[in-house]
Amino acid sequence: MDSPTAALHEGTHAEHPSYQRHHFVTMAQQKESASFGMWLFLLTEIMFFGGMFTAYLIYRNWYYAAFVAGSHTLSIVLGTTNTAVLITSSFTMAMGVWCAETRRRGGLIVSILLTLALGLVFLGIKSVEYHEKWVQHHVPGLRFDAMTFVHPHAEPGQAAEPPLSLDMAEHTEVYFSLYFAMTGMHALHMIIGMGLLIFMLIKAIRGAYDNGNIAFIENFGLYWHFVDIVWIFLFPLLYLISRHQ
Amino acid sequence: MDHISPVLWQFLVKWLTNFAVIPPEASKVAPQMDALLLFMTLVSLVGLVLVILLVVTFSILYRRERHPVAVQIEGSTLLEATWTIIPLGLFLVMFVWGSVLYFRIYTPPPNAMQIYVVGKQWMWKAEHPGGQHEINSLHVPINQPVQLTLISQDVFHSFSMPAFRVKREAIPGRYTTVWFEATQEGTYHLFCSQYCGTAHSAMIGQIVVMSQDGYKKWLASSTSGVSLAQDGERLFASLSCNACHNGTPSARGPNLAGVYGSTLTLSDGQRVTVDDEYLRQAILNPSAHITQGYAPIMPTYQGQVSEEGLFSLVEYIKNLDSNYRIQQTTNTTTLAPVATATVPNAATKGMVKP
Amino acid sequence: MSDHQNHHEEQHEENHIVSPKIYAVIAVALLLCTALTVAASYVEMGPWNAVVALAIAVFKATLVVLFFMHIKYSSKLMKLTVGAGLFTFLALVGMSMSDYISRAWGSF
Amino acid sequence: MSTILSLPDQTTARIPKRNYLNNENGLLSWLLTGDHKRIAILYLISITFFFFIGGALAGLIRLELLTPQSDLMAADTYNKVFSMHGIIMVFLFLVPSVPATIGNFLIPIMVGARDLAFPKINLLSWYLYVIGGCLTLWAMITGGVDTGWTFTTPLSTHYLNTNVVTAGMAIFIAGFASIFTGLNFIVTIHRMRAPGMTWFKLPLFVWSHYAASILMVLGTPVLAIALVLVVLERTIGIGVFDPTKGGDPLLFQHLFWFYSHPAVYIMILPGMGVISEVISTFSRKRVFGYSAVAFSSVAIAVFGFFVWEHHMFIMGVSNYSTLIFSLLTMLVAVPSSIKIFNWAFTLYKGSITFETPMLYAFGFMGLFTIGGLTGVFLGASGTDIHLTETYFIVAHFHFVMVGGMLMAFLSGIHFWWPKMTGRMYPEKLSQLAAVVTFIGFNFTFFPQFLLGMLGMPRRYAAYPPEFQVLNVFSSAGASILGVGYLLPILYLLWSLKYGKIAGNNPWQATGLEWQIQSPPLTENFVEIPIVTQDAYDYEWLERQKEREVTQVG
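Residue numbers (the working numbering), protein chains in the order written: chain A, 6 to 250; chain B, 11 to 364; chain C, 221 to 328; chain D, 168 to 720.
Check the hints yourself; a few may be wrong.
Below, a list of computed lysine to any residue pairs in the SDA-like style, where the Cα atoms sit at most 20 angstroms apart [claimed, not checked]:
(1) Lys241/C with Thr93/A
(2) Lys412/D with Tyr69/A
(3) Lys24/B with Lys287/D
(4) Lys287/D with Tyr24/A
Rather than coming from a laboratory, the hints here were simulated on the basis of the structure.
Isolated chain A, as found in the complex (with noise of 0.2 angstroms):
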């Protein structure tokens, strides 16, 4: 047996459903080119972020300390907060796959809104922490200053960070070059995903899944799962440096 669609093929002349496309065979046919095509397009995503997590690697062998330094002037609150928030919303998106499988309408709105919600919520977050790296001149290249690590100031209650030596201050840029660019390409993922559950929302609500039609939704919650993943490992990478220094 080497097709799959070989064994539907004979006999299997039943109804196809109105949303069967006309050059599916069967459904089941569509429904696995759907998640396979799905799954090749998270691999050209696992690639495209494979180029910074290089950089990544490269640069923090290079300028450990630097970026010792940078990650600590991340909020660890903030991201811890974040890290949740974006599992608890692939949670909740896994759930309303469940929703949708099950045919349960009101139970796919809810999920999608709180999935919404709680990516807002990330995103929300996220400008607080760019906010304030503008307001410190840590965003590289427009608006940059590296002094702050050469003569760190102490926050209340709290002691300083060591300082760095000029040169290796200045490092920090390539590390919030990396941090900027990792995470926007995070946010941006984010932003089309938020687009993505508008719309779905939208069809949801006029009952557009009811009859089982729900490839989009599968699909599209592979890609709000990638988009978790992918900050499973900046979180680490780029927050919790050495924390203990």
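Following the hints, complete the assembly by docking chains B, C and D onto the known chain A.
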């Protein structure tokens, strides 16, 4: 030859007189390179002729008119194994041979004479240890291994010497090296072979291979009066390097005498051999190159010393075999810094914005 | 190339619906791992800090891929696809690093 | 199941009343089509357009190089011209050439499907390609780009005042067109095969497209991110590749070549697929060692990811990693040599005819052998030092890309022209064109090997006068080559109206595509076929013919 147009005739004559397949073999490595090239060309020719023979023979023998019905053949494991293993073996020979050559070209011998080269848009600046500077030309003595230490001030360039069969990219931010030993006097092409912007094709020059005596004469006639090491010494003083690196027991910086070529243990436990690149990095990015037992207090000189200045400093430190010179510098205040040598390199850092 | 061996499985897994209970368990596990990775980063482990952080991240990602993304219940082809992505990613990182690691090595 | 083979009498053949070309009318029906065959035609028209722009630029380059001085153009104009030539030819012609046109047209038919898995994404891919192409043209018209097609940092990020960002974004977008094409192919080949169509009954054309698609899907995004980082570095000045900020410019090279070396295989593998089909058909014999050829495609795809650093041997990468990459480069050369010999032995005891596609295929075999073997010169790290960045490398990749891929493309276009349009091209004229192309090509690019050996660097607007003679040869050859490329477009256009009716299977080939009407129906098959025969099963074809005759009789 009346019936041949004179233009065409001249062209043919020109072609026949100028025709060459390989450039002159002017270095020690050139015959070795050519031997490998010849070997590869022969193997390629054999392969190509074999393919052509097969195709032509089969096309004649089995053309439709002679052979109207094809005989279906599945394949032949033996034949396929043959043309997998034989090319593989040949390619592996080329790989080993090529790699030996590669390591030979990029591993300078210890007795090589040092010349420093800075590439910038769009010229080559060569500096001889004696302080002779030249632009878009390189004078070298015959039968003497010469090591080039290359760096680029802006974009990638490539120092290409076809007559020597060697070439090396000058890249920004890091030294690269290549060496050769010229074996034939003459003037040869020097090209920049990595595309480097508008006047890329004007970034050419000449390599002049001279007799040992001729080279000495040339050195004497084109000296600027200050050797690289002397220039480095002046920089060393004017940048106040000697404030810390003065070789006294209480010094804040490590003793630099004899440091070149030694193995250091860094503050993070890493062991490194001190070479040109290490010295350059230690000046520009000192905090990652702290010798064990010293405090990370050295400031960076990024943007304060030009690439030429760095070469001078490197050459100076290389030649420090005792602390005598440093102490002299520390003691005499007469060695005032010469402004031109220490101009901060701000102008070259300013880059074109989109 | 592999789909002919497990065609049967494919048909069988056609409409596998993962129960919300499993989703919930995974979500909780992911949150716990997040807490763990934050805590671990405050413990001095030398070079092992990075290893532990990455190991936890890989574990979390595996959970997401297997359960949220249903790879545990998918055909061998899908598993192979994920593997291919991982392989190429490692090829990019690893082969690039082969240059960076050995640059400082001495010559013969 | 009715027979899927039908053989109309060639003299009475008519263009079928209903086919994909006249199924719907009007421009909109083309611009909004989901039909892979129509999209293939759209692609064919657009890549031909870009090919002639790229070709015109090549003509300008060769004109400028007639004389040693830069007299026809100023140096920076020359730089813009060769950059644009490279960008257009690589990203807008070679990468999509065979896959997006011939592959798009044939892969669903060859596997026995009605369409690609995602017709809308297929259309989207064409639109992305067009947008990318238009942006490239826009970049060219509004001042040009002079980075070369390689976008080397820091030259591209900090030292040029031209439209680097526009061109970078154009390639980013065109890259996604390529990703979507590859993705569509992989899913189609995995999921849409007709009953009985096992992996080892697939035509080798499908195998090679499968291998190329893997490279498209996994390689292209790395180029995308490299370009995004270049654009970010240029516009806001982040410091990932900038040596003054601590970045490593070699990292860009790593990321760029991680795509751009496999891209070479993206370009050549589909061409190899064409050659397999053509050689088998015109020697009326199954391909010698089918599985070796199939697996060598996959081997090229896999090894293709591990060799990129051979573009950087002299750039100051570690000597030790040079060893690894040089060794792997040697390994990747082996599958190509397997293919060449297997094709040659396919001719053995065949029954060979010499139609135009076959002539182009012979051209391919000779030129690709030269191109491949000279690649070994560059893969061996020692000789790479002398030869890289000279005209040797220019000649090498033109032998592979133009001598190889373009020959394969023309071979394929001629071979499947009857299927695409229902009409034959004029045979004698096209044979002439094939011969002219072959001669012109060798005249143009062989002297460049010698120039490279002599050390003439590439991308030079002006060069030392001693290189002039060989350059004149090259330019003279280019004009012959130009004629060779103009001829096909003229007579192919002519044949659209005046060509002889082709019938279903003018070549008596075995592929599924030849068993349906030409031009095909929009849905390709009236009924999805059940495949029982192997690929290149000429005995099966004979039996089918006999059955047909007895049925009719």
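Each hint, compared with the structure:
no.: 1; hint: Lys241/C with Thr93/A; result: holds (14 angstroms)
no.: 2; hint: Lys412/D with Tyr69/A; result: holds (15 angstroms)
no.: 3; hint: Lys24/B with Lys287/D; result: violated (60 angstroms)
no.: 4; hint: Lys287/D with Tyr24/A; result: holds (15 angstroms)
Against the hints set out earlier in the document, a violation occurs for number 3 only.
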